[in-house]
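Trainee: Residues per chain, in single letters:
There are 4 protein chains.
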Amino acid sequence: MTPSPFVVRKVVRFAHCDPAGIIYYPQYFMLAHDAKEDWFRDGLDYPFKQMIGIDRRGFPIVKVEAEFQRPSKMGDDLDVAISVRAIGAASLKLDYRFTCGPEPRMWIRTVLVMTNLDSGAAVPVPDWLRERMGRFQESAKDAP
Amino acid sequence: MTPSPFVVRKVVRFAHCDPAGIIYYPQYFMLAHDAKEDWFRDGLDYPFKQMIGIDRRGFPIVKVEAEFQRPSKMGDDLDVAISVRAIGAASLKLDYRFTCGPEPRMWIRTVLVMTNLDSGAAVPVPDWLRERMGRFQESAKDAP
Amino acid sequence: MTPSPFVVRKVVRFAHCDPAGIIYYPQYFMLAHDAKEDWFRDGLDYPFKQMIGIDRRGFPIVKVEAEFQRPSKMGDDLDVAISVRAIGAASLKLDYRFTCGPEPRMWIRTVLVMTNLDSGAAVPVPDWLRERMGRFQESAKDAP
Amino acid sequence: MTPSPFVVRKVVRFAHCDPAGIIYYPQYFMLAHDAKEDWFRDGLDYPFKQMIGIDRRGFPIVKVEAEFQRPSKMGDDLDVAISVRAIGAASLKLDYRFTCGPEPRMWIRTVLVMTNLDSGAAVPVPDWLRERMGRFQESAKDAP
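Protein chains in written order, with this note's numbering: chain Z, 4 to 147; chain S, 4 to 147; chain Y, 4 to 147; chain V, 4 to 147.
These aren't lab readings, by the way, just hints derived from the structure by calculation.
A couple of the hints might just be wrong.
Below, computed lysine-lysine pairings styled on BS3-like, alpha-carbon distance capped at 25 Å [what the hints assert, rightly or not]:
{"no.": "1", "chain 1": "Y", "residue 1": "Lys52", "chain 2": "V", "residue 2": "Lys52"}
{"no.": "2", "chain 1": "Y", "residue 1": "Lys76", "chain 2": "V", "residue 2": "Lys76"}
{"no.": "3", "chain 1": "V", "residue 1": "Lys52", "chain 2": "Y", "residue 2": "Lys66"}
{"no.": "4", "chain 1": "Z", "residue 1": "Lys52", "chain 2": "Z", "residue 2": "Lys96"}
{"no.": "5", "chain 1": "Z", "residue 1": "Lys96", "chain 2": "S", "residue 2": "Lys52"}
{"no.": "6", "chain 1": "Z", "residue 1": "Lys76", "chain 2": "S", "residue 2": "Lys52"}
{"no.": "7", "chain 1": "V", "residue 1": "Lys52", "chain 2": "Y", "residue 2": "Lys96"}
{"no.": "8", "chain 1": "Y", "residue 1": "Lys96", "chain 2": "Z", "residue 2": "Lys76"}
{"no.": "9", "chain 1": "S", "residue 1": "Lys76", "chain 2": "Y", "residue 2": "Lys96"}
{"no.": "10", "chain 1": "Z", "residue 1": "Lys76", "chain 2": "V", "residue 2": "Lys66"}
{"no.": "11", "chain 1": "S", "residue 1": "Lys96", "chain 2": "Z", "residue 2": "Lys66"}
{"no.": "12", "chain 1": "S", "residue 1": "Lys76", "chain 2": "Z", "residue 2": "Lys76"}
{"no.": "13", "chain 1": "S", "residue 1": "Lys52", "chain 2": "S", "residue 2": "Lys96"}
{"no.": "14", "chain 1": "V", "residue 1": "Lys52", "chain 2": "V", "residue 2": "Lys96"}
{"no.": "15", "chain 1": "V", "residue 1": "Lys76", "chain 2": "Y", "residue 2": "Lys52"}
{"no.": "16", "chain 1": "S", "residue 1": "Lys52", "chain 2": "Z", "residue 2": "Lys66"}
{"no.": "17", "chain 1": "Z", "residue 1": "Lys96", "chain 2": "Z", "residue 2": "Lys66"}
{"no.": "18", "chain 1": "Y", "residue 1": "Lys52", "chain 2": "V", "residue 2": "Lys96"}
{"no.": "19", "chain 1": "V", "residue 1": "Lys96", "chain 2": "V", "residue 2": "Lys76"}
{"no.": "20", "chain 1": "Y", "residue 1": "Lys52", "chain 2": "Y", "residue 2": "Lys96"}
{"no.": "21", "chain 1": "S", "residue 1": "Lys96", "chain 2": "S", "residue 2": "Lys76"}
{"no.": "22", "chain 1": "V", "residue 1": "Lys76", "chain 2": "S", "residue 2": "Lys52"}
{"no.": "23", "chain 1": "S", "residue 1": "Lys76", "chain 2": "V", "residue 2": "Lys52"}
{"no.": "24", "chain 1": "S", "residue 1": "Lys66", "chain 2": "Z", "residue 2": "Lys66"}
{"no.": "25", "chain 1": "S", "residue 1": "Lys96", "chain 2": "Z", "residue 2": "Lys52"}
{"no.": "26", "chain 1": "Y", "residue 1": "Lys96", "chain 2": "Y", "residue 2": "Lys76"}
{"no.": "27", "chain 1": "Z", "residue 1": "Lys52", "chain 2": "Y", "residue 2": "Lys52"}
{"no.": "28", "chain 1": "Y", "residue 1": "Lys52", "chain 2": "V", "residue 2": "Lys66"}
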């Protein structure tokens, strides 16, 4: 199976937009977080309900980098593509690209660390999860 | 006058925190935006009400980079220090550092472009605003 | 055609939940607003993009009443049913019921007034919109 | 000591406002929640950090009623006055009034129930907390 990104559509809501009439930029990070939540549930079959609520594991963010290419407006349908850049022992490099039709809107690169939510300590990504995540690994040419 | 950052205190609200008990990371960008709004009003004497509502100018974000150093919890008092890294013809490099007492929590580096909100075109930063912003310019040693 | 509510599914997101592990209650009003936005686009064929962005009409809220029946948790699938209680000259009484499977979670009753967004004045609901809204009018027995 | 409301000032932020240029109404409930959090910390000397984080008690909402009197705009300074309408065995009736200078903007009436956050069961309001809350009890004539 060729790896390919996980894509989910998000609508730019009235509530996401500001008095300047465009998306308020922190909302992109909220949409990215929602998309990641969808990816865990639908792409990895490991919903947050299970991971965070029961297994008490999480992926807090360590680094983020983003570039805003074109503004998004109320009612725009955005496709959020999530792809895995790299998986380390406990870390995960996850990228997002937001497009509206053919038009790129913004991208985000993140570094996350798998963590025991009770102790706060980094924990290794289990093999079964690493294997599932690998299905969404981008090839070098796709990197933003 | 020696340049120094603009500092404003923000409380980590119940509403900012997630089921993992710590701040939901996009909230840092919301707090940074609120702090920037305070800076325009109290530090630059150019409130958003005037700039966006009347003059129809804004500073949409072009790039952002952030590092999360330690998690913040409900009730923490965070000091947000804003400093100017550079001012170009139409662009502004603005940095934020979040600390809780002596403890660094995260930092953000942003690139913004001054824009005519009606046309979307970049516009030069006026001299009087550039002069006011310069009072908050960081020295090289302060850069995160 | 028998009138029936407009129903849309919303997920209780990680970001909607608080350190007490349940949905932070203002999020219900945000979800209701998103559902109303879906209703305008998919149920009434009059998207906000057109109504607010182009026609400069809106439905600001005048009154709201809500009862919270059972808490909602991260990952819950909520069905939001929107029904019209009454349509006046310029006003609209709109009700929402949130359920998770068979379990009622909360309801909201609202009164809205159609408004010219530039002048702020109330404007009559046009006949074509009143007719479309009428398809979602609840019968007396359904009222919360 | 004559009972009087607890008053705290909140700014209508850029981020609170929508493409219609006014506050997005669920933000009022967020501001009310922030004001309640301030009241617990500064008015009752019982911060959420202690109540929720350590004692595992909370005041989830059961009912809410609100009326929106005049729209609020970006940059407005709102005074939020919190007063206690009644304290039952486990319940609390709490009212909020939002004003901008002399102008009323909206009010909220809420019913809350004190709860053990681990079991979800209602618990009696302890006498010491009831006594402190009583200092903010409104007289009949003040009720919205």
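Trainee: Okay, which hints does this one fail, numbers in order?
Mentor: 1, 2, 3, 5, 7, 8, 9, 10, 12, 16, 18, 19, 21, 25, 26, 27, 28
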